[in-house]
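Listed below are the residues making up each chain.
There are 2 protein chains.
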Amino acid sequence: MVNIAVMGYGTVGSGVVEVIRANGDIINQRVGDEINIKYVLDLRDFPGDPIQEKIVHDVDIIINDPEIRIVVEVMGGIEPAYTFVKRCLEAGKSVATSNKALVAKHGAELLSIARDRNLNFLFEASVGGGIPIIRALNSSLTADRIEEITGILNGTTNYMMSKMFYEGADYDEVLKEAQDNGYAERNPEADVEGYDACRKIAILSSLISGQQVDFEDIYTEGITKITREDMMYAKEMGMTIKLLASSKRHGSHLHAIVAPALLNKEHPLYSVDDVFNAVFVHGNMLGDAMFYGSGAGKLPTASAVVADVVDEAKHLHRNIMTMWKNEKLELLPIEDTSKRFFVRMEGGADARKAEVEALFGPVEIVRVSGLDGEFGFITEVMTEGEYGKKAAQISGILHMIRFEEQGAEA
Amino acid sequence: MVNIAVMGYGTVGSGVVEVIRANGDIINQRVGDEINIKYVLDLRDFPGDPIQEKIVHDVDIIINDPEIRIVVEVMGGIEPAYTFVKRCLEAGKSVATSNKALVAKHGAELLSIARDRNLNFLFEASVGGGIPIIRALNSSLTADRIEEITGILNGTTNYMMSKMFYEGADYDEVLKEAQDNGYAERNPEADVEGYDACRKIAILSSLISGQQVDFEDIYTEGITKITREDMMYAKEMGMTIKLLASSKRHGSHLHAIVAPALLNKEHPLYSVDDVFNAVFVHGNMLGDAMFYGSGAGKLPTASAVVADVVDEAKHLHRNIMTMWKNEKLELLPIEDTSKRFFVRMEGGADARKAEVEALFGPVEIVRVSGLDGEFGFITEVMTEGEYGKKAAQISGILHMIRFEEQGAEA
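Sequences listed follow chains Z and Y, in order.
FYI, in full-length UniProt numbering the residues of the first sequence are 1 to 410.
FYI, in full-length UniProt numbering the residues of the second sequence are 1 to 410.
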């Protein structure tokens with residue numbers, strides 16, 4: 001029997017209990033042993049819930065029990081999760097977590113503690129919920145140099161962007177609807193400002209580079225400025241707008257960014273709608289691949305956590321190598337990255353085209369019926385730095401959105 | 001140093017050599033040791049190719065060399081691959097293969113030999129080329145009961161179906177074009193009759209059931225009867241037609257089938273075009289997930305083979321468990337499986353609707369402009385057996401294509 005403890009009996013924690021209860025037979029068969037939940041740590045009590053008899057309020061009970069081999073951390077947040085996880089690893093227990101904030105900030109250190117003790121620290125559920133992208137990077141795409149990872153990593157904002165695209169709705173409208181449906185929180189900042197996606201792409205960037213990528217270094221722009229009018233232009237051009245989190249290799253550097261982007265129909269992420277997440281990967285041998293699934297939700301997330309428990313139970317005294325050193329990776333400054341830019345501009349296209357082209361070079365003009373007194377254009381490829389300098393020299397820019405072309409150099 | 005041998009220096013074999021040459025530094029870092037190709041087995045010589053010095057013509061040199069720890073089998077076909085692989089395993093060497101015919105027929109036995117000797121027999125590249133679906137099933141989706149796997153598993157036929165859809169071309173036309181482009185072989189039977197997809201879904205069915213699924217038991221229908229007119233109906237209904245290979249769970253049974261199917265835009269496989277492959281998976285906790293990528297091609301396939309070599313080099317004395325017993329699984333007979341059917345029928349819809357509905361119950365009539373003297377309809381859900389009986393009672397059926405509804409019971 002492999003005894004485990006679950007720290008946190010919230011949405012994901014209760015999901016973990018449910019997955020082990022529902023699929024215990026196949027899970028035990030795969031482990032080759034019986035997984036038993038011995039403790040559930042929570043500040044609260046759950047009278048009437050069968051879990052109540054396993055509830056403990058003191059983490060030391062878990063840490064000091066040598067029978068506990070694996071600890072599931074699904075409390076969220078940095079503290080006390082960090083202290084608890086570190087103490088569990090130091091006490092010889094493997095840890096599985098869904099906590100992206102913890103992994104983005106302390107992943108390298110916790111992995112190193114696990115490695116030194118022949119334990120495992122796994123975090124499949126921290127990125128993409130039920131999508132097995134982390135294990136794919138660690139165990140499947142091992143013959144490749146990963147040149148790019150671009151993902152739709154936040155379900156809330158993807159739901160909102162999909163609504164705006166299909167229903168022509170306004171940002172405020174879809175945010176309210178998402179909140180009413182429980183897809184967005186009352187304080188939606190972490191989602192709509194891109195902070196959640198930023199921590200996730202920081203984790204993926206660390207994994208593909210093998211070094212520490214600090215999320216604070218990643219340029220992050222949310223969806224709060226995306227309007228109904230932007231989406232009308234996107235439709236006119238046969239495109240859509242998604243919040244993308246992306247990490248691309250330039251020699252030994254990475255460039256990472258979280259921002260809304262225009263995608264055309266040829267891009268594999270174009271048709272990823274609603275609360276679904278997807279991760280596009282380009283390997284130098286593999287070519288293009290994509291992983292798609294439920295990025296959040298109680299059971300998909302819990303399924304990923306329990307898959308980590310299964311792996312840890314099969315490798316109780318053996319570290320599954322993850323290359324992620326503490327050494328910090330410097331990202332390529334955003335000013336030096338190149339792409340095409342879509343710009344919405346006040347005025348008439350006929351009147352202003354010469355002025356625009358004098359500055360930006362040849363552009364494709366886009367007009368949308370119903371939107372008078374403005375027009376849009378897509379620039380040639382240039383660096384963010386160049387774009388910024390040019391944009392400062394012309395008046396009347398209403399909005400700029402980056403164009404994510406598949407296969408284009410960033 | 002981990003010495004390996006490559007059996008077969010054809011397309012995939014030379015790809016394996018190229019991947020190890022190009023990405024040797026990261027591959028060795030991931031293994032924690034140096035991978036060295038010591039022998040390449042081929043009947044031919046390759047004068048002038050740097051590989052020539054490693055070429056051997058006699059498999060016994062590989063089998064009798066205790067330095068060889070891992071053997072890559074990329075010859076294809078059942079014999080002599082089966083005999084060679086079995087002898088390698090019995091001589092204490094792990095084996096990685098891309099050979100779907102070998103795995104579909106002898107997978108259970110070869111896995112059992114590997115398990116008994118603490119070796120590994122891995123075959124990621126045998127299904128979906130560069131798409132890491134097999135490792136996902138074995139190591140990632142381990143907390144789930146997999147209820148369905150439906151895939152576009154053959155790039156040649158998907159290329160042809162995409163051409164027919166986008167260009168309104170005829171079957172014979174696109175087959176010739178695919179042959180001219182090198183996407184289809186001069187003798188295209190294995191692809192267009194569905195035999196290739198059938199072996200692949202047999203492998204996936206065995207993995208999700210843990211028992212032997214014989215490919216001979218799987219109902220298999222190719223794309224040779226799909227016409228330009230069928231595709232016109234599909235378009236009229238907002239759908240497309242794809243060759244799907246599918247395996248669905250009914251209690252302890254599986255139902256597996258390879259056949260062209262109508263898909264609507266909501267299905268994740270709808271937008272998988274050209275030579276790309278994709279695998280849709282539904283788990284009882286995970287919900288829906290999809291894996292997409294290059295299903296064939298020299299480097300994507302070689303990348304998957306080398307990822308298996310990496311895994312085997314990291315587990316030289318430890319079997320990575322794969323649940324696939326020799327015990328045969330009886331599939332649910334196709335007659336007992338339920339779905340909706342699209343039927344094309346001679347005559348006028350107005351004249352024949354009553355006759356059709358008297359037999360099939362209420363149907364949705366579809367007319368396509370330009371196709372006079374015929375109409376189409378989609379039935380309610382019924383078993384294949386019921387459909388067959390009804391279809392025998394009415395004259396003028398031009399073609400029947402199954403409708404693959406996501407989330408529908410099969």
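Note that these hints are calculated values from the structure, not bench results.
All figures in this text were calculated on a predicted structure; none of them were measured in a lab.
A virtual CB, placed ideally from N, CA and C, is assigned to each residue, including glycine.
Hints may be right or wrong, so weigh each one.
What the hints assert, rightly or not - The calculated lysine-lysine pairs, modelled on DSS-like cross-linking and capped at a C-alpha distance of 27 Å, are:
id	chain 1	residue 1	chain 2	residue 2
1	Z	K328	Z	K314
2	Z	K314	Y	K235
3	Y	K235	Z	K235
4	Z	K265	Y	K235
5	Z	K38	Z	K235
What the hints assert, rightly or not - Covered stretches of chain Z (in silico footprint by chain Y; criterion: 3 or more residues with CB under 8 Å from a CB of chain Y, positions within the stretch not fixed):
id	region
6	42-55
7	80-94
8	188-200
9	242-252
10	365-374
11	389-399
Status of the hints after comparison with the structure:
no.: 1; hint: K328/Z <-> K314/Z; in the structure: violated (32 Å)
no.: 2; hint: K314/Z <-> K235/Y; in the structure: violated (49 Å)
no.: 3; hint: K235/Y <-> K235/Z; in the structure: holds (21 Å)
no.: 4; hint: K265/Z <-> K235/Y; in the structure: holds (18 Å)
no.: 5; hint: K38/Z <-> K235/Z; in the structure: violated (54 Å)
no.: 6; hint: 42-55; in the structure: violated (count 0)
no.: 7; hint: 80-94; in the structure: violated (count 0)
no.: 8; hint: 188-200; in the structure: violated (count 0)
no.: 9; hint: 242-252; in the structure: violated (count 0)
no.: 10; hint: 365-374; in the structure: violated (count 0)
no.: 11; hint: 389-399; in the structure: violated (count 0)
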